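All chains, please: the whole structure from these sequences, using the hints.
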Amino acid sequence: MTGILVGLIIAVSLIVLVQLLRVNELISQVKNEDPNLVNDDDNKSQGLLVFLIAGVLFLGSVLWQFKYWGIHILPPASSVHGATIDTLMQVTCGLILFVFFITQPILAWFTYKYRGNSKRKAHYFVHNNKLELAWTIIPALVLTPLIIYGLNVWNNITNVDTSNSQVIELYAKQFGWAARYSGNDNLLGSTDFRLVKGMNELGVNMEDENAFDDFITREVHLVVNKPVLLKMRSQDVIHSAFLPHFRVQMNCVPGMSTQFGFTPTQTTAQMKEQEGENFDFTLLCNKICGAAHYNMKMTFIVETEEEYNKWISSQNTLKNTLTLK
Amino acid sequence: MSEHHKETFITKYIFSLDHKMIAKQFLITGMFMGVVGMTLSLLFRLQLSNPGESFAVLEFFLGEKWAPGGVLDPNMYLALVTMHGTILVFWVLTAGLTGTFANFLIPLQIGARDMASGFMNMLSYWFFFAATVVLLSSLYVETGPASAGWTIYPPLSALPEAVPGSGLGQDLWLIAMTLFVVSSLLGGLNYIVTILNLRTKGMTMMRLPLTIWALLIVAILGVLSFPVLLSCALLLIFDRSFGTSFYLSDIIIGGEALHNTGGSPILFEHLFWFLGHPEVYIILLPALGIVSEVMSVNCRKPIFGYKAMVGALLVIALLSFVVWGHHMFLTGMDPFLGSVFTFTTLLIAIPSAVKVFNYLATLWRGNIRFTPAMLFAIGFVSTFITGGLTGLILGDSALDINVHDTYFVTGHFHIVMGVSAIYGMMAGVYHWFPKMYGRMMNKKLGYFHFWVTFISAYGVFFPMHFLGLAGLPRRYYTNSSFPMFDELTNINEVITFFAIIGGLVQLLFIFNFVYSIFKGTVANENPWKSNTLEWTTPVERIHGNWPGELPTVERWAYDYSKPEFDEDFVLQTVPLKENEINH
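First to last, the sequence lines map onto chains A and B.
Going by this note's numbering, the first residue of the first sequence is number 1, and it counts up by one from there.
Going by this note's numbering, the first residue of the second sequence is number 1, and it counts up by one from there.
Please keep in mind that the hints were generated in silico from the structure rather than gathered at the bench.
In this text, all values refer to a predicted model and were calculated from it rather than measured experimentally.
Each residue gets a CB set at the ideal place from its N, CA and C atoms; glycine is no exception.
Any given hint could be a false lead.
Far from chain B, by Cβ distances over 12 Å, these chain A residues were calculated [claimed, not checked]: (1) N156; (2) L187; (3) F212; (4) K226; (5) I301; (6) E305; (7) S313; (8) T317.
Just a few of them, taken from the derived set where beta-carbon distance is under 10 Å, the chain B residues facing chain A [what the hints assert, rightly or not]: (9) A162; (10) G263; (11) Y306; (12) S382; (13) G446; (14) I455; (15) Y458; (16) L469; (17) L472; (18) P473; (19) A523.
Listed next, the in silico DSSO-like pairs over lysine-lysine satisfying Cα-Cα at most 30 Å (straight line) [stated by the list, open to error]: (20) K529(B) <-> K121(A); (21) K444(B) <-> K121(A); (22) K31(A) <-> K529(B); (23) K297(A) <-> K65(B); (24) K31(A) <-> K519(B); (25) K113(A) <-> K519(B); (26) K201(B) <-> K529(B); (27) K577(B) <-> K121(A); (28) K130(A) <-> K577(B); (29) K119(A) <-> K529(B); (30) K519(B) <-> K44(A).
Structure below.
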């Protein structure tokens with residue numbers, strides 16, 4: 001029944017539309033003009049519409065969105081390098097908005113101002129080398145410092161000294177995360193994917209001494225202001241370890257190991273005060289990985305040294321959990 | 001001498017050798033695929049704005065298996081996203097856009113009877129048609145169509161155990177893509193040869209309309225990059241079916257350790273994006289060409305800085321081959337390599353800025369005639385600016401860390417290449433429709449179509465930047481698993497609202513298109529008063545384009561409102577007057 005109704009409505013609207021078009025064309029025939037060629041009235045009305053919609057309405061809505069949706073943007077970075085990314089972001093956004101709010105109004109204004117008129121002729125203006133040179137050189141001059149600044153930030157992030165960092169491994173699989181702490185020696189035991197079996201879900205080589213004090217958790221605890229080096233592996237497909245509040249992201253690729261070093265600067269407790277009780281540092285998967293991709297998460301807790309030591313003393317090493325069976 | 005000959009229904013409409021008919025075949029297939037791709041996106045938009053809710057329309061389209069009780073299945077969500085991307089990027093914006101306008105415009109605008117090889121041209125369409133059939137058939141496979149994203153990164157795309165769509169659906173995807181690449185190469189070689197060899201007397205390279213320049217460069221990009229995609233896909237087929245390990249290593253899936261070692265998915269990403277990034281410009285450049293032409297005609301003014309425009313196209317094309325790594329900053333690629341790609345990527349801002357300022361200078365002191373095509377050209381400049389600027393953020397490796405693969409990316413590329421290229425395509429259809437079908441499209445419907453599209457396109461894609469800056473990853477079936485995204489629901493509702501409006505109004509465009517083919521007012525030979533050669537051909541379509549001799553070109557394509565003439569246009573075939581200065 002609904003099918004017939006929908007069909008009927010579509011048919012009737014089509015007929016109405018066709019009839020309207022016929023009427024429109026007949027009227028024009030009487031006036032002896034082609035209704036589909038553009039006349040001065042069209043230029044007037046469409047020129048005004050460009051000004052009102054592409055100019056006023058669009059730019060107004062952009063401002064509105066910044067005001068009402070800008071609050072959803074992530075809070076300032078909770079890591080040392082993240083703060084440098086935030087500053088670079090502000091500089092870049094400032095530049096972008098500056099150019100945006102100059103070029104878009106010019107576009108709308110020129111389009112409106114030079115709307116056609118059958119009595120007028122356009123200005124024959126073919127080229128001007130000075131202008132061309134200006135708008136090649138000025139963008140180049142603006143871009144040069146921006147590129148240098150960006151590369152500088154990138155180099156500082158990727159070439160960070162990790163010799164004193166605490167090493168933690170993030171292990172991704174469909175559809176969940178695990179973390180392996182490197183223990184007192186700060187060295188992760190070697191792994192082989194063929195060893196993944198039963199309790200040994202990360203494929204740790206238990207003949208390697210470095211693995212003895214490693215331990216595996218489902219929640220990552222970090223000490224505030226203490227550098228950490230995350231090493232990523234994946235069991236099956238590509239995942240991506242994304243920690244938006246720390247400005248950290250790195251793909252987890254099967255067959256290779258990737259890493260990202262950073263230093264958290266805010267404890268979870270501090271963030272809860274700022275952002276509300278529900279706040280948690282969260283690890284998300286940010287590379288399409290299958291049906292439950294949207295639900296792959298792990299909580300990161302940043303705390304003081306004392307709290308951390310208390311937590312770590314309750315963890316059981318792999319030597320205890322894997323070999324004593 | 002005319003080459004017009006007797007045609008049967010089959011040689012005229014189906015296995016036609018006439019470039020104009022082949023162009024229409026590409027256009028109509030492209031439009032059909034556009035509707036399919038858009039519908040898929042509307043289906044998953046319903047889930048994103050109203051996660052977990054039941055919609056009869058979902059069950060109607062997807063059936064009991066993929067939308068039990070009207071609620072979208074997560075695997076089907078990924079399949080919809082994948083197929084939407086594949087269809088829009090390749091079928092609509094590559095074949096639909098270039099296939100249509102390269103075929104239609106190249107012989108007409110350079111003064112040739114047809115393409116260098118009409119037969120290759122016909123093959124190009126029929127390979128595309130076969131690719132279309134294979135791709136669409138994958139929608140009906142038991143395990144669902146390909147679901148690993150349009151970039152089909154292995155191992156996800158290689159292992160049916162990882163996602164059901166990586167079974168037969170992915171095989172069909174790869175076969176369709178192989179056929180597609182063949183079609184694209186047959187077309188591309190033909191375009192290059194035709195432009196270089198078949199220009200009529202007097203049509204020097206620097207007298208070519210910018211459309212032809214853009215299409216020539218696009219064809220070269222395609223011929224250089226599509227074979228790499230083909231090899232990339234072939235190696236994936238080997239990994240999937242013949243046990244090789246090009247992309248696979250150290251994998252446990254379904255509790256079993258696979259035998260593959262030594263391969264790397266990063267190799268796939270390099271090969272894929274070596275095509276994938278030029279592909280972005282394969283999509284964008286024809287739109288830039290069309291917009292330059294439409295804008296000049298309707299400003300009644302020469303395009304400002306013709307040589308700079310050609311130069312900018314060349315520089316963009318050249319750079320497009322050395323920036324692919326900016327899709328891979330976070331793959332574990334050497335950070336130094338990341339720096340190099342950041343540098344080359346941000347350089348693209350310079351030729352892009354030149355193009356934008358030249359467009360603004362073209363508008364300046366023009367006598368703008370607002371045809372629907374011109375409105376779409378203006379819309380293009382607007383989205384090209386908006387989307388291009390956010391590229392400064394994504395191209396910067398340091399900033400990319402936190403917006404990579406979020407909705408910020410989705411917003412950026414939909415505006416700068418999706419919407420912009422669609423605007424370019426629409427501008428082309430409205431502008432050359434009278435030449436294609438000998439009739440005019442309805443102007444008022446065209447205006448309505450443009451304004452609703454303009455508002456809803458920005459309504460859909462601009463808010464996505466805020467979602468991305470809030471940290472929301474793209475390709476999430478729902479945001480409701482993370483409390484930090486709870487407040488974003490209202491933005492998603494706005495996006496879906498505009499998506500539905502924007503989708504519906506495209507049906508009005510298709511109505512206008514079909515209606516005008518049969519009932520539109522009859523067009524005259526040169527309704528827009530343009531200079532270029534296609535407007536010197538008769539309204540009645542003939543194979544061979546010009547009934548008599550081929551035209552001789554005496555001047556460039558952009559002598560609009562030249563002071564020496566009373567009329568505000570001068571056909572390219574009109575000889576220079578005595579004492580007239582060549583532009």
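Status of each hint after checking the structure:
1. N156: violated (9 Å)
2. L187: holds (21 Å)
3. F212: holds (23 Å)
4. K226: K226(A) is indeed farther than 12 Å from all Cβ atoms of chain B, at 21 Å.
5. I301: holds (15 Å)
6. E305: Its Cβ never comes within 12 Å of chain B, the nearest being 27 Å, so this holds.
7. S313: holds (30 Å)
8. T317: Given a closest Cβ separation of 24 Å, the condition holds.
9. A162: Constraint on A162(B) satisfied, holds at 5 Å.
10. G263: holds (7 Å)
11. Y306: Holds, because the Cβ-Cβ distance from Y306(B) to chain A comes to roughly 7 Å (cut-off 10 Å).
12. S382: Where the cut-off is 10 Å and the nearest Cβ of chain A is about 6 Å from S382(B), the hint holds.
13. G446: Since chain A brings a Cβ to about 8 Å from G446(B), closer than 10 Å, the hint holds.
14. I455: For I455(B), the interface hint holds, since the closest Cβ of chain A sits about 7 Å away, which is under 10 Å.
15. Y458: holds (6 Å)
16. L469: holds (4 Å)
17. L472: Status holds, d = 9 Å.
18. P473: holds (5 Å)
19. A523: Holds, because the Cβ-Cβ distance from A523(B) to chain A comes to roughly 8 Å (cut-off 10 Å).
20. K529(B) <-> K121(A): Satisfied, since the Cα-Cα distance of roughly 14 Å is no more than 30 Å.
21. K444(B) <-> K121(A): The hint holds at about 25 Å.
22. K31(A) <-> K529(B): With Cα atoms ~22 Å apart, K31(A) and K529(B) stay inside 30 Å; holds.
23. K297(A) <-> K65(B): holds (28 Å)
24. K31(A) <-> K519(B): holds (19 Å)
25. K113(A) <-> K519(B): violated (35 Å)
26. K201(B) <-> K529(B): holds (23 Å)
27. K577(B) <-> K121(A): holds (20 Å)
28. K130(A) <-> K577(B): holds (29 Å)
29. K119(A) <-> K529(B): Within the cut-off at roughly 16 Å; holds.
30. K519(B) <-> K44(A): Holds, at roughly 28 Å.
Hint compliance for this structure: hints 1, 25 are broken, all remaining hints hold.
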